[in-house]
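Just so you know, the protein sequences line up as chains G and Y, in that order.
Under this note's numbering, think of the first position of the first sequence as 842, with each following residue one higher.
Under this note's numbering, think of the first position of the second sequence as 41, with each following residue one higher.
Simulated from the structure, these hints should not be mistaken for lab results.
Every residue, glycine too, gets a C-beta built ideally from N, C-alpha and C.
The reader is advised that the hints may include incorrect statements.
[Stated by the list, open to error] Covered, in the sense of this in silico footprint (three residues per stretch, anywhere, with C-beta under 8 Å from a C-beta of chain Y), are these stretches of chain G:
| hint | segment |
| --- | --- |
| 1 | 890 to 900 |
| 2 | 948 to 961 |
| 3 | 967 to 979 |
[To be verified] In silico negatives: residues of chain Y with every beta carbon more than 10 Å from chain G:
| hint | residue |
| --- | --- |
| 4 | Gly-45 |
| 5 | Thr-47 |
| 6 | His-62 |
| 7 | Gly-76 |
| 8 | Ala-87 |
| 9 | Lys-101 |
| 10 | Ala-112 |
| 11 | Ser-116 |
| 12 | Leu-124 |
| 13 | Ala-129 |
| 14 | Ala-203 |
| 15 | Glu-210 |
| 16 | Arg-217 |
| 17 | Asp-232 |
| 18 | Glu-259 |
| 19 | Val-288 |
[Unchecked claim] Sample of chain G residues at the chain Y side, in silico, Cβ under 7 Å:
| hint | residue |
| --- | --- |
| 20 | Leu-1084 |
| 21 | Ala-1086 |
| 22 | Asp-1098 |
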Amino acid sequence: MPVSSAVSRREPAIRSTSHGRRSAYLIVGLIFVLVVICLVAAGRGQVPISPAEVAGSLLHRIGIDLGPLPSAVQGENALWLVRFPRVVLAVVVGAALGCAGALMQGVFGNPLAEPGVVGVSAGAAVGAAAAIVSGVTFLGAWTTAGAAFAGGMITTLIVYAMSRADGRTEVVTLVLTGVAVNATAGALLGLLMFLTDDDGVRAIAFWQLGSLAQATWGAVSIALPGALTGIGVALLHARKLDLLALGERPARHLGVDTERLRIIAIVATALLTASAVAFTGIISFVGLVVPHLIRMVAGPGHRVLIPASALGGAVVVVTGDLIARTAVDYQELPLGVLTAVVGGPAFFWLLRRTRARAGGWG
Amino acid sequence: MRATGVTVGLGGRSVVDGVDLHADPGEVVALVGPNGAGKSTLLAALAGDVTHGGRVEISGKGVREYRPLELARLRSVLPQKATLSFPFAAGEVIAMGRAPWAGCPEAADDAAAITEAMRLTDTAAFAERPFPQLSGGEQARVALARVLAQRTPVLLLDEPTAALDLRHQELVMGAARARASAGAAVIVVLHDLGLAAAYADRVCVLEAGRVRAVGGPDEVFTGELLSAVYQHPVEVLPHPRSGAPLVVPVREFRSGNPGPDLPDRD
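Please take these sequences and the hints and turn them into a complete structure.
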């Protein structure tokens, strides 16, 4: 039939042209930017090393004799003991936060859901701080991360239970729930600070500000598996998250086991947030702003949104950390403060936009 | 699809009470009745969305006994109101209807099913525009296209024509009719009794959660029954040419003449 064949020639176009090609460019572009920014970030600091030398050092380590080695005194040690773990942890944390934001927004069906905004990060920080203060080591080196996961998990469940009504999450309920959860978590952190000694106070204060200064290979080895698992789980459920945009019942009409998806997504969100928070504290707004920018470029489809948000989050945190430790000589700005300075106004703008589009606070 | 003794309670009150209803392959069954008669709740029970008393079966097995994915390959559901939390393009929304078939041999028909659904609903022209930017009527047709693309043997449609102009009402009901002719069982909630009379093989009149009458539109649509159910005088006249029943609410005024005393609007 002439009509249908004319339309069917157009049909693949609908799904793959603009968004498809842009998505491919976006992913490739983000990977390229991430590699470049990582090479630059690893070279900057008190012992300057050029990006070429950073790449050379990396290549030599994996057995390819290509490119120059660091010429600076102690350059090799500065890279492998200090800078690389820090840059890698920044990548892991950024990817985890970007992905957690995209995942939460998909499950809540609300573009304002984000671990920092709704208080999941704060909940994870309470868990981690409680582990430090009480001095328990039931999981060995994994104790802090495990406690952060437990805290994040409990908070996500609370937020989910409190902010949903009739299968929907209203903007105002979500944000107010976040306010309440953040306030409670802040009070618990304050209480823990009161109960602990000076070292504990410093450790907790560090969480509230967010910083990558404590990055070690040990921290990377604990944060990485959690982040990778979380991102993998999110990717596996990307198609179902798309369907969830139709609402809970229509998603079920299309074969999604919404109860199961919800539980999986909540566990994955807590895992991602805990991986990000356990060693670096609360770095807010990354999961809010990054997925939003990605949606503007590549559309809301989660098969692109999730990997692109992870990559974009990594770029933002590596860049943010680079600025945090090099902007002021011999001093380090807290990274969480830096992201909040940019993220706060962006959140405000998003809030107004979402409110306008949803036609009121409803 | 067969329902026997279906009862649904909401907040301690039976919204649907002992309804028997069936739809065979090739049949369009219209659910009509006044606001609050339980039409949408009954449809939700038929879809397997709510816990219910009695039994709802598709192909001899209870709807609540299927896994969600199995059920999604048997029945599709058009909700009364289409919502979307992220600005997917209309074409992407329609393509979501193919999700239950991912990984099946039927996935080879994805493109054909989507194209056909767009043609039946006249939605191809704005397939690339973001869904939230479409008008209410366009959104409703995109939602229906998604349901048609799902290509299930049972279709449950909740007021598919509510937001549509006259041409698209006919188009949409024609699409439902065509799907039935192709062997599907279609149950459709309608407010427009004229459309129900024209397109349905059988009509089920619900009143306060119970079935008041079931049968062909010719038998069921009588002035007496409709006047009682809708609590408003209704006349049913045969169409001068086709003889199909025309349902006309009795109006005591005509435009240009002063009407009956209407309560002040506030």
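Each hint, compared with the structure:
Evaluation of the coverage hint for the segment 890 to 900 of chain G: breached, as 0 residues show C-beta separations to chain Y shorter than 8 Å, against a requirement of three. With 3 residues carrying a beta carbon less than 8 Å from a beta carbon of chain Y, the segment 948 to 961 of chain G meets the three-residue requirement, and the given coverage holds. Counting residues of the segment 967 to 979 of chain G whose CB falls under 8 Å from any CB of chain Y gives 0; the rule of at least 3 is not met. Separation of Gly-45 (chain Y) from chain G is adequate, the least Cβ-Cβ distance of about 24 Å exceeding the 10 Å criterion.
The Cβ of Thr-47 (chain Y) sits about 20 Å from the closest Cβ of chain G, beyond the 10 Å cut-off, so the non-interface label holds. Listed as outside the interface, His-62 (chain Y) is consistent with that label: its C-beta sits roughly 21 Å from the nearest C-beta of chain G, beyond the 10 Å cut-off. Look at Gly-76 (chain Y): its CB is around 18 Å from the nearest CB on chain G, clear of 10 Å, so calling it non-interface holds up. The claim that Ala-87 (chain Y) lies off the interface is violated: its Cβ sits roughly 7 Å from the closest Cβ of chain G, which falls inside the 10 Å cut-off.
Once the 10 Å rule is applied to beta carbons, Lys-101 (chain Y) is consistent with being away from chain G; the minimum gap is 16 Å. Non-interface status of Ala-112 (chain Y) relative to chain G is broken: a Cβ of that chain comes within 10 Å, the nearest being about 3 Å off. Distance to chain G contradicts Ser-116 (chain Y) as a non-interface residue, since its nearest Cβ pair spans about 7 Å, not more than 10 Å. Interface exclusion of Leu-124 (chain Y) from chain G breaks down, the closest Cβ pair being 6 Å apart, not more than 10 Å.
With a minimum CB-CB distance of about 7 Å to chain G, Ala-129 (chain Y) fails to clear the 10 Å threshold, and the non-interface call is violated. The claim that Ala-203 (chain Y) lies off the interface holds: its Cβ sits roughly 17 Å from the closest Cβ of chain G, which is beyond the 10 Å cut-off. Chain G leaves Glu-210 (chain Y) outside its interface by the beta-carbon criterion, the shortest separation being 18 Å against a cut-off of 10 Å. Distance check for Arg-217 (chain Y) against chain G: the nearest CB is about 19 Å away, which clears 10 Å, and the non-interface claim stands.
Listed as a non-interface residue, Asp-232 (chain Y) keeps its Cβ farther than 10 Å from every Cβ of chain G; the least gap is roughly 24 Å. The Cβ of Glu-259 (chain Y) lies farther than 10 Å from every Cβ of chain G, with a closest approach of about 33 Å, so its non-interface assignment holds. No Cβ of chain G approaches the Cβ of Val-288 (chain Y) within 10 Å, the least distance being about 36 Å, so the stated non-interface status holds. With a least beta-carbon distance of about 6 Å to chain Y, the hint placing Leu-1084 (chain G) at the interface is held under the 7 Å criterion.
Look at Ala-1086 (chain G): its Cβ gets to within about 5 Å of chain Y, closer than 7 Å, so that hint holds up. The restraint placing Asp-1098 (chain G) at the interface with chain Y holds, with a minimum CB-CB distance near 5 Å, inside the 7 Å limit.
Going through the hint list in order, the structure does not satisfy hints 1, 3, 8, 10, 11, 12, 13.
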